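Visitor: Protein chains in written order, with our numbering: chain D, 1 to 746; chain B, 1001 to 1456; chain G, 2001 to 2131; chain U, 3001 to 3146.
There may be inaccurate statements among the hints.
Sample of chain B residues at the chain U side, in silico, Cβ under 8 Å [said to hold, decoys possible]: (1) 1015; (2) 1026; (3) 1347.
The calculated lysine to aspartate or glutamate pairs, modelled on EDC-like cross-linking and capped at a C-alpha distance of 16 Å, are [to be verified]: (4) G:2106 x D:531; (5) U:3027 x U:3110; (6) U:3027 x D:510.
I should point out that these hints are in silico values taken from the structure, not numbers from a laboratory. Just so we're clear, the structure is a prediction, and the values are computed from it rather than from any experiment. Every residue gets a Cβ at the ideal spot worked out from N, C-alpha and C, and that includes glycine.
Now for the letters of each chain:
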Amino acid sequence: MRTWAPPATVLAMAGAGFVALLWLWLTGGGEVDVPWAPTLDLRLHLRLDGLAAMYALMATGVAVPVFVFAWRYLPHHLAQQGRSVREQPRFYALLGMFMVSMVGLALAQDLILLFLFWDLTAVASYLLIAYDRQDGGARRAALMALLVTAITAVALLIGTLLLYDRYATFSLPELFRVAESSTTVTVAGALIALAALAKSAQVPFHFWLGRAMVAPTPVSAYLHSAAMVAAGVLLIGRVYPLLELSPVLLDALVVAGFASMLVGGVLALSRDDLKQVLAYSTFSQYGYVVFLYGLGGESGVGAAAFYVVTHAVAKCALFLTAGAVTRATGAQRLSELGGLARAMPVVAAGSLACAATVASLPLTVGFFADELLFKAALERGWVFAAMALLIAVLTLAYMARFWTGLFLGAPRTEAGPVPGAMVAPVGVLGAICLVAGLVPAPFAAIAQDAATPSLLAAVPVEARYYLDLRAENLLALATFALGALVHAGHRAVPAAAEAVARLGERLGPERAYTAGLAALNGLSDRVHDLEVRDFRGRVTAIFLPSGVLFALAFVLTPTVGAYAVGSFSLGDLPLVLMLGFAACVAVAATRPRGHLTMVLTLGTVGFALAVVYALLGAPNVALVAVLVETIVALLFIGVLSLIPREVLRSQMRATRERRGTRFRDPAVGLVAGATVFVLVWGGLSRTGGEGDAARRLTELAPEAHADNVVTAILADLRALDTLGEITVVAVALLGVTKLLRRGRLW
Amino acid sequence: MSLALPLGLVWAGAAVTALLDGRRRCVAWLAVGVLGAGFVALCVLQAHVLVDGPRTIVAGDWPAGVGIALRADALGVVFAVLSMGVLLAGLAYEVVDDLESRHTPALVLFMGAGLTGVFLTADIFNFYVFFELTMVASYAASTYGGERHQIGAGFIFAIVNLLGTFLFLIGLAAIYTVTGTLDMDGVGFALAQSEPTAVALIGVSVLVAFSIKLGLFPFHFWLPPVYVGATPGVAAMLSGAVANVGSYGLLRFGGDLLPDLFAAGAGVLAVLGSASIVYGAIQAISRRSASEVLAYSAIGQVGYVLIALAVGGPVGYAAAILYAIVNALNKALLFLTARVRGWLVGACFAIGALSVAGVPPSAGFFGKVELFRAGIDARSAVLVALIFLGGALSFVYMFQIYQRDFWRDRHDTSGGRALQVPGVLLALVVLGLGLWPEPLLAVSREAAATLTGGQR
Amino acid sequence: MTLAFALAAGVLAGSGAYLALKRDLLRVVAGIVLIANAANLTLMASGGTRGESPILPVEGEISDPLVQAMTLTALVIGFAVIALLLSLVYRVYTGYDTLDLDELSKEEARHAREIDQQARDDDDVAEAEGR
Amino acid sequence: MSSVVTRVVARMLLAPILVVAIAILVKGFADVGDGFSAGVVAALGILLQYVTLGREEVERTLPVRLLPHAAFVALLGALAVALVPLSRGDPILTHSPPAGAEVTTVGKLELMTAVAFDAAVFVLVLGAVVGIVHAVARAYEEMEAT
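In isolation and in its complexed conformation, chain D is listed as follows:
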């Protein structure tokens, strides 16, 4: 395969997908609804509503610049690591799968189908994060991302099934129609929200996102802007009508969102690694969205949608900026970089527009996002407005630190040439941010449409400049002022943030994750050491638990009348004596004597039992028992003769000298004996149930041309048993020859 084919394929997929989705959206959407697994009421129900359109367009639209970037990035990346270009197709295949599953997730209207795409994105991101498999850090980061997102995803599944149990449907539109405020819905909603928060890397699940930065740059760019992390808030938007039924859930979202904004902002201020700064920025920005969903109402949900779409465009460009800068200079830390504006003007300009968008400066589309945020917060109360202000200030500060750190000041490193394909996406995305800053209507239209399915009603989302002193504008001005102030104190502030981050590292959830994983492995090692390694323990381990189970059955069921002594006549005396004799000999067989003695004792038991069978009126059985005992004894002796006498003798001594098990073995033997005793006694105490198989067999024996009823049963009436039995003998022959003769039958 030619090296251009894989990237070209996924690029074409993304482009065509984007165009097709855009066209579909503009022409009013589309819907597919076919049965999938009727037994479980599953449907393949995909619908391009506003919410789906926004996320699907993001997933495909953002993919285009990312894939263009990757085209030039990947060969260089592989070359740097000494890997073959043949590893390219896997990368693009996974990226393509990531995109498709994201689009599917956006479109899914059936909760199980949604879960399928949900986990597919997790799997795709897992494999992409670990694309550099030889890197231990990448492996660990991938595992972390998978464990955090896929395990919490199960909460979504449980929530789904709770809803199914109650409403017997997985279909979201159906659920919105029938669900009412109830504990089930609250619990299910909480579980679904939990999964969403983990996916969107909200506190306390944020740590995986920071680690995931080890992935190749296009992966980070895509994962942070339009896929994976966006999936979390997409889910919140998708099931919002259910969440809305429980005010407590919305309040929880406010708390989670605020905590994430705050932690993310502080961490972004403290990081030195470019991609880390951006990662925590993402985490903080999605905190905004969650916060907005928590605030709720028309303005909250509308603002959330608007926020998502502006963020996707801007954050993607910023990641690509980081990638381009690293490619040009080889450095990836803010402390090693600076003054690149002259060497990389397009990147600088494009990323300036995007950074300004994230920081919500006027003339960029981001400004409206903050206006909407302030508006929604003000509607809820001044406390919320203060929260919003605090976060906006932090965002402005870390974005300023990021951009100025990269592009202003004295140049610290030599900047090499960067391919145009890696620069252009940044420029284009920056331009989009600026144009939309002047003409925000398309963004507003998308957001408005996207908010509709969440509220089940059309909502106006207005993005306009108001040149007056309304509260939103005042808050924005305050943001700029305070942000500038924080940035001015840029020596002290990052240091303080750093201290907070250190504390978080020591006590935070990442530590808990790492320690938990290590503890699990340690526990596993210890349990494994404990696991009964010695073979005899394995046998004991059968007798004791089964003894306990039988004791339970014995204790829990009626005893009186259940155990019959049974009839006894004087004629039975020989039988009883023979049984007693057999039992005594069996006990004698346990004495530590020579092996030959043991074999002969065993044989005596067998012969005694044969006599018992004869007394029971079973000459056939008695005959076979005698023959079998004889052959078994001969085989035993044969095997004894194969083993040197010294070995046998030392074995006997060992048996006698052993101390540790002096009491264990008899005790376990007693338990086993008692178990069988109870089972046989209780089981045989009731004879002659309804069935009369034996009588009917006897009657039919003449039909089978036999006087000997037993032979008739064996050869005819139940010949299938006999056929099975002789096959067992044949298999034993195979086994023996296999073991002793390496498979030769003779």
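Add chains B, G and U to chain D, keeping to what the hints say.
Guide: Positioned in the frame of chain D, the structure of chains B, G and U alone reads:
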């Protein structure tokens, strides 16, 4: 088509193969062909059963209740098809990997005949006979390879399982005493009217016997050395085909013949199942070879079957059956891919790992869905939490071992293309059932309905 | 008589279980033989009727022929299993040069530790290479 | 080494033992005994030859080396009895002549597939037991040799 045909086909094939040298390619492929034919015949039978309902014949043309009845109902047939399919994949793997022992194809065919008989018989003593046939063939097959730790493991395997078998035999004797018949229908009917003590004792003997077969904690101690020591194909057969006898036995004897007792003892089943889930998963986490992880994982996974059995009812039984199927497929797939290398096999192993963890699109996902449904159906937050915990732990161990084994470039010894085929095919099945789960769901419902008297 | 059968079966099985716990492989097999005997005895005792041997023509009650057929089958299967077990014992002996289960376990534990250590070493190497 | 007397006696005993075995087989349908017992009795007879004459001589003078193979052929025979009815549309293991029908007899021997089935059991058991004993004997020789 007679329902005895697949049984007879494999059985006769086994007898013929036993006379020939199984190391010769043509003989080995003949055995594979016979298994394949048996598999196809069972599939046809399954289609008939699902469309027309169960069919019964009595061997020897004797009246029912006198002769041995063979019955193909939805429950038996699905396990038969599953087991035969796994045997086929396992044997094909071993054949491609060059058989070193001349008896292996014959032993596998005897195992196949035994398993088919176990799943298709409607007579409890005949069940025992086929059960022993399967087990004796497995004891012999487990020593395939002939290394000393394989022999040692085979010895423990045989001893421990024999203890269970004899307990089962004593239980059978008690059943005969109590009911006076061996026919499963008659037994179920009579046991329902019998007094509780004997029934409880019989139930425990059945539970212990099949728990040992399944390798359920605390009856599992034979299992790790056997699965770890066995060659991949044999391990796949033991875990994916022979272990089904345990699940099936619990379903048939517990759900069909002793439903009241199993309902009353649901607590015991749930405790055993939970202990198994947690214990197996914890053990698996730090194991450093794939076969060890899979062995302990097997212990954990059968715990789910027990939990679903404890829930009972249409939902619980369907979940138990579905999970047993999924687990057998997973284990077979994973064992067959664990020791081969190459990107394709890596992908197949990953599919298996995802299936164990219950991630869509894989058959295992629907296993998890049904389990959670059973837990929710039982209104038990504890069960749901336990299934969640077990699933979370399975993520940890499956992906730790996946990364360890497949993401390091040092083990590049690929076993040849043909060796990958059985694993790839099984992976396609697991993936296919994840994408189109309807057959899986419908079959398990149908099979569960045979236990709950048509109630869905 | 039920009690007598139960007692005999219990003693047989108990003695068998005791032997099955021994270090000596051959005694373990002997234990299995005894437990098999206990099962066969139970099977014989589970008959619904007792009387003359079931060979026609008979007068009066005959001994339950079905349990006899079952016991016969179980006896034969038991024989096959014991034969297999005995050859396994011999192969274990040739493999480990001992009949002592404790020494066998020690060998196995050592083997397992070696494998484990190997894997740990691999891990260390991989870590060193990885980062 | 065994004395001449025991060798002669053993050789002389073989024929009666085999006759007894056949008798047990044939009479099985009317009296105590069946294919399995007959097989074991015959095998014990051959085993006696092993013990007294030594493996090599037995295997030189008697056609024992085919017995293990014969066991599987017998299994095939038994399976044929079981499966042939399928071709007639009858259930597995339907014997002929069918239940209750008239049976041709040759002396005490009844000509019916059930007897053939029992004969197959006889051969299989004989072959299996001899095969197992032979395997042990050979293992012994190999051990002696090393």
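Visitor: Now look at each hint and say whether the structure bears it out.
Guide: To see whether the hints hold, each was checked on the structure:
no.: 1; hint: 1015; in the structure: holds, 4 Å
no.: 2; hint: 1026; in the structure: violated, 18 Å
no.: 3; hint: 1347; in the structure: violated, 43 Å
no.: 4; hint: G:2106 x D:531; in the structure: holds, 14 Å
no.: 5; hint: U:3027 x U:3110; in the structure: holds, 10 Å
no.: 6; hint: U:3027 x D:510; in the structure: violated, 82 Å
Violated hints, listed in ascending order, are 2, 3, 6; each of the other numbered hints is respected by the structure.
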